[in-house]
Amino acid sequence: MNYLFAAYTAIWIILAVYLVSIHSREKKLREEVRRLEQQIRDSKFEIRD
Amino acid sequence: MSEKLQSRFDTVLAIALILGMVLALYMALIEAPRERTMGDLQRIFYFHVAAAIAGMTAFAVNFFSCLMYLVRRKRWWDNLALSAAEIGVMFLSMVLVTGPIWAKPAWFVWWTWSPRLTLSLVLCLLYVAYILIRNYIEDPEKKALVSAVFGIVAFADTPLVWFSIRWWRDIHPSPMLETGGLAPSMRPAFFICMIVFQILLVFLLRRRFYLESVRSEMESLEREADAH
Numbered sequence: 221m222n223y224l225f226a227a228y229t230a231i232w233i234i235l236a237v238y239l240v241s242i243h244s245r246e247k248k249l250r251e252e253v254r255r256l257e258q259q260i261r262d263s264k265f266e267i268r269d
Numbered sequence: 061m062s063e064k065l066q067s068r069f070d071t072v073l074a075i076a077l078i079l080g081m082v083l084a085l086y087m088a089l090i091e092a093p094r095e096r097t098m099g100d101l102q103r104i105f106y107f108h109v110a111a112a113i114a115g116m117t118a119f120a121v122n123f124f125s126c127l128m129y130l131v132r133r134k135r136w137w138d139n140l141a142l143s144a145a146e147i148g149v150m151f152l153s154m155v156l157v158t159g160p161i162w163a164k165p166a167w168f169v170w171w172t173w174s175p176r177l178t179l180s181l182v183l184c185l186l187y188v189a190y191i192l193i194r195n196y197i198e199d200p201e202k203k204a205l206v207s208a209v210f211g212i213v214a215f216a217d218t219p220l221v222w223f224s225i226r227w228w229r230d231i232h233p234s235p236m237l238e239t240g241g242l243a244p245s246m247r248p249a250f251f252i253c254m255i256v257f258q259i260l261l262v263f264l265l266r267r268r269f270y271l272e273s274v275r276s277e278m279e280s281l282e283r284e285a286d287a288h
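Sequences listed follow chains A and B, in order. Count the first sequence with the numbering used here and you get residues 221 to 269, in order. Count the second sequence with the numbering used here and you get residues 61 to 288, in order.
Because the hints were derived from the structure by calculation, they are not lab data. Hints may contain errors.
Straight-line alpha carbon distances no greater than 27 angstroms define the calculated DSSO-like cross-link-like pairs of lysine-lysine that follow [to be verified]:
#1 A:264 / A:247
#2 A:248 / B:202
#3 A:248 / B:134
Given the sequences, and given the hints that come with them, work out the whole structure.
And the structure:
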């Protein structure tokens, strides 16, 4: 019974770790996209000025 | 597909996945009969095999995407290939972790270098290499091209893993469905777990592919920012 519990726990841990990793990578990329969009907007204003 | 429709599809997929997982757990842990020789330990089989089949499917998606990239040279196929490879590694990790947990009480060893086990480990390592290689190539087109060729070569191990227990003597159990080793009362649990893991594969592929789309967007913004 312990082995059965260990196997199913391992599956859920692997899945949870992978989902968290996708989420955190997506969050980082989204922040980077926002930063770059802001940077491009700022540089466009500078050119106009 | 419009954005609204895609988001609706993702919601339906997530609901189907949650309900399916609950059903799969119920079928595997409660509904399926207790096996005579191994007892409850045999219940590992339902998720272990379902994860293995989902992993193989992911590698088949990678193989097809690599081929399509070589034909079309579109970034979209490279993104799909990478997403499928990463998810395949995750499913194979489940298999390589639950396998030894099953093996220890059944065979009295955690690991043995039998053809099926060795080839499965090699398969997992090949796709880890596929993912790592990409970090060492700067040029996106060269990166996609090299990994497409590597992905096609790596896939050669997948049929070897699949057929190893048919071709060579192995301590690993023989294919249950083909040999009639799986009792009819255990089949509903097996098929439900297999379907749910395929839904999980589609769900993860969509999430991971979306991540690559955001990365592509970021890279084009970086180029634009450099140009200013």
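Tested hints:
no.: 1; hint: A:264 / A:247; in the structure: holds, 26 angstroms
no.: 2; hint: A:248 / B:202; in the structure: holds, 25 angstroms
no.: 3; hint: A:248 / B:134; in the structure: holds, 25 angstroms
Comparing the model with each numbered hint stated earlier shows that all of them hold.
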